[in-house]
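> Sequence:
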Amino acid sequence: MSTDEEKRELEAQQIQAEKDASDHRLLSDIRRDDLDALKALLARKQVEHWFPSAQKALEFIGIALFSFLDRRLKVKVKPNMVANPGAHKFLDKLLKKNGIKIENRSYDEEDQWRNGLYVYKNEELAAFIGHGHRTFRSRLSVHPEYRVITTVET
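At position 108 of the sequence shown (counting the first as 1) the number is 107 in numbering that gives the first Met the number 0, and the numbers step up by one without a gap.
Don't take each hint at face value.
[What the hints assert, rightly or not] Distance windows between CB atoms, simulated: (1) Ser52 x Lys100: 19 to 25 Å; (2) Glu4 x Asp107: 52 to 58 Å; (3) Phe89 x Ala11: 18 to 24 Å; (4) Thr153 x Asn103: 26 to 32 Å; (5) Glu109 x Asp32: 32 to 38 Å; (6) Lys75 x Pro143: 22 to 28 Å; (7) Ala53 x Lys88: 37 to 43 Å; (8) Glu47 x Lys100: 22 to 28 Å; (9) Asp107 x Pro143: 41 to 47 Å.
Hints were generated in silico from the structure; no laboratory data involved.
If you're wondering where the values come from, they're calculated on a predicted model, not measured in any experiment.
Ideal placement from N, C-alpha and C gives every residue a C-beta, glycine not left out.
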């Protein structure tokens, strides 16, 4: 084997070793990176929305998701598309084709603030729409309200 061939072989082995290492990142590293991405996104774009009922908060979450997909990611999804039987298969294909993944996550009590929809575009966190949390707006509030934290402009 010539020197050039040996160098190419060695380079190919190094590239493969780096790829293997990145493919086998520890789950704890992935979780830390994911949490860092969420914190950075919230620091830049966090908006709180308050609603008098869980139903109103849920309606807003749907509107915020469809709005983000339409305005920011340029994917046209209408609410009636989701209501049709078998629509989830069509929607999954459409999102995958556009490099979009949506995850609905729930965490333990101590990390409840992280519960919500995570929208990824090409493996990067593009938006967060929190689940509605029942809480009081202030100590003087008599009735609880539902707070939704999001990074989506509506």
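> All hints are to be evaluated individually against the structure, with a verdict given for each.
Taking the hints in turn, this is what the structure says about them:
1. Ser52 x Lys100: 19 to 25 Å: violated (30 Å)
2. Glu4 x Asp107: 52 to 58 Å: holds (55 Å)
3. Phe89 x Ala11: 18 to 24 Å: Once the Cβ atoms are compared, 41 Å apart, the range 18 to 24 Å for Ala11 and Phe89 is violated.
4. Thr153 x Asn103: 26 to 32 Å: The hint (26 to 32 Å, Cβ to Cβ) is violated, given that Thr153 and Asn103 are roughly 19 Å apart.
5. Glu109 x Asp32: 32 to 38 Å: The hinted range 32 to 38 Å is violated for Glu109 and Asp32, with Cβ atoms some 20 Å apart.
6. Lys75 x Pro143: 22 to 28 Å: Taking Cβ atoms as reference, Lys75 and Pro143 lie about 36 Å apart, which means the hint is violated.
7. Ala53 x Lys88: 37 to 43 Å: violated (29 Å)
8. Glu47 x Lys100: 22 to 28 Å: Hint holds: Cβ distance 25 Å, inside 22 to 28 Å.
9. Asp107 x Pro143: 41 to 47 Å: About 22 Å separates the Cβ atoms of Asp107 and Pro143, which means 41 to 47 Å is violated.
In the structure shown, a violation is registered for the earlier hints numbered 1, 3, 4, 5, 6, 7 and 9, in ascending order.
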